[in-house]
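*Asks:* Sequence:
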Amino acid sequence: MNDQKNMLLAIVLSAIVLIGWQLYFGLPQMEQQKQKQAQQQQTQPVPQPGAPTPTGQPAPTNAQPSPGQSVPVPGHVPGAVMTRETAVAASPRIRIETPRLGGSINLKGGRIDDLLLTQYRETVNPKSPPVVLLSPSGAPMPFYAEFGWAAAAGNTAPLPNSETVWRQQGAGALGVGRPVILIHDNGQGLEFRRTISVDDKYMFTLRDEVINKSAQPTTLYPYALISRHGQPKLEGFYILHEGLIGVLGEQGLKEVSYSDIEKQKQISYKATNAWFGITDKYWAATLVPDNDAAVQVVFSTGLSGTTKTYQTHYLLDALTIQPGATGAANARLFAGAKEVETVDNYDRLYKLNRFELLIDWGYFHFITKPLFLAMDWLYRYFGNFGVAILLITVIIKIFFFPLSNKSYASMAKMKAVQPEFAAIRERFADDQVKQQQAMMELYKREKINPIAGCLPIVIQIPVFFALYKVLFITIEMRHAPFFGWIKDLSAPDPTTIFNLFGIIPWNPEAVPVVGPFLMIGVWPIVMGMTMWFQMKLNPAPPDPTQKMIFDWMPLIFTFMLASFSAGLVIYWAWNNLLSVAQQSFIMHRHGVKIELWDNVKELFGKKKPPDGK
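For what it's worth, our numbering labels the leading residue of the sequence shown as 372, then goes sequentially.
Keep in mind that the hints were calculated from the coordinates and are not lab data. Treat the hints with care, since some could be wrong.
Straight line, CA to CA, 20 Å or less: simulated PhoX-like cross-link-like pairs of lysine-lysine [unchecked claim]:
#1 K784 with K818
#2 K572 with K634
#3 K604 with K679
#4 K652 with K722
#5 K572 with K722
#6 K636 with K625
#7 K641 with K625
#8 K636 with K679
#9 K572 with K784
#10 K740 with K768
#11 K584 with K625
#12 K498 with K858
#13 K604 with K641
#14 K740 with K784
#15 K641 with K572
#16 K652 with K641
#17 K722 with K777
#18 K818 with K777
Label pairs and their calculated CB-CB ranges [claimed, not checked]:
#19 K918 with Q622: 37 to 43 Å
#20 I638 with D571: 21 to 27 Å
#21 D715 with E534: 35 to 41 Å
#22 K679 with E626: 58 to 64 Å
#23 T489 with K641: 35 to 41 Å
#24 S628 with V885: 37 to 43 Å
#25 R578 with G543: 14 to 20 Å
Values in this document were obtained by computation on a predicted structure and should not be read as measured data. For every residue, glycine included, the Cβ atom is placed at its ideal position computed from N, Cα and C.
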């Protein structure tokens, strides 16, 4: 009886786990930002007054800067809300032109604040606009990187800030192998030079120099920041981190969500061999100081007008520059797509501290990442991630074959003793206790594991979760097509039976509350059918409650998985089909009659004989 209860408990718990996964991860409440952005005010350069520095002294404040002159925008009313295009046009700029990036560097403030990822589009339509990563202050949802110098206490020399207009030395756009140089003279003996270069991917390298032409030494702190105004639209999934992130030396990985930093206001760290920034699902902007630099890192939130801001910045140790000498500070900025190969190559090239964690592989990264690498390897040969999913499923089935073989063999034995089960139920029809005891004795005598039928499903769950993570977080799966109507394996099947797969011009998803559950596409239906065939291949459980659970499980899973990534549903359907073939082969080899067609006939009213013949 205990084994029978355990069997029922295993099935119920499996269903609860998967249903819970769907409710909390598959259909989360997305946090949407609906407020319209007002005119964004420029943030003051960090460090904030009074913030701690690596030396333990109060952080300095900059002297009043010399106001820079903005380029007048025809037709724009000062103080009015600007579009992104208007905000970009409001200041002089240097174009960015690389194989993967477009945009510009803002000469006002010397910021990198206009960045387009030209190889990625907003939708699956190749003619849709490129993905916008960084936007200038004044545009809706500003997101930018800033670099500079902060004065030590008592230093009143004017320093370049967010209002300073830099001058470009020479001409031309920033490109691969074509760095640009910005110059600013403060008029009091300090000349600032900034050299910006970029590689063929997403890494910017900056070298800031200060030439002291005055008669007095000057002490300055190099700093860099990444600032985001307004909270972006979040995916809202618990398995994905969005917000502030970094690996801070020996302190390891730090992930701070937008809601957490709003509660704590400011979090400070001291670290060496660190990187940190702000990450979205597929994109990120991170600061990457020199590995041996001791940095004071701050994650913080504040207000720019009425808009919340989120910022990560660092201070380096102070530099004292003697008259006639030059002081310099290096910085790097990663701003781009979180491509696995690109991120891993930067990790190796710069010997960074686990830069791979910029991609949220999760706690089971030792399963998730190898699974992706295997799929990516197959993709490079076959050119289709959907085909890679099918092939990796076959490989997984081969890997788990010994366990599945043992499970299916036990199920075959269970099928062989069905007549004895029927006899026991008839003999003890009025005494459930003795009926269960007799069944347990039969299990022991024939060496049958009553929960063996659950193992083929249970062993899939870790792989299922890992594949779900891969499809959800990796940009390589974004907009990856399969065949036919599946144009994006990372998105749900876009068809639905409730509008006859597009014949009826109606969108069931628009129905309040239940709309998402009505998006039952072709592949979820195929998955449900293959799962139903797999269930019908097995002998019916003797307990009516168990039988009811098995009968309803394919339908429940069809609705439950319909909103999951199409790639995941394709995996599950293909895995079910392979399982049916494998189980049929094993049962035939053990001389056991395959129940599939008899169970199908029974479903439609044709009862099979009690002896199963």
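*Asks:* Which numbered hints does this structure break?
*Replies:* Hints 2, 4, 9, 11, 13, 14, 15, 16, 17, 19, 20, 22 and 24 contradicted; others consistent.
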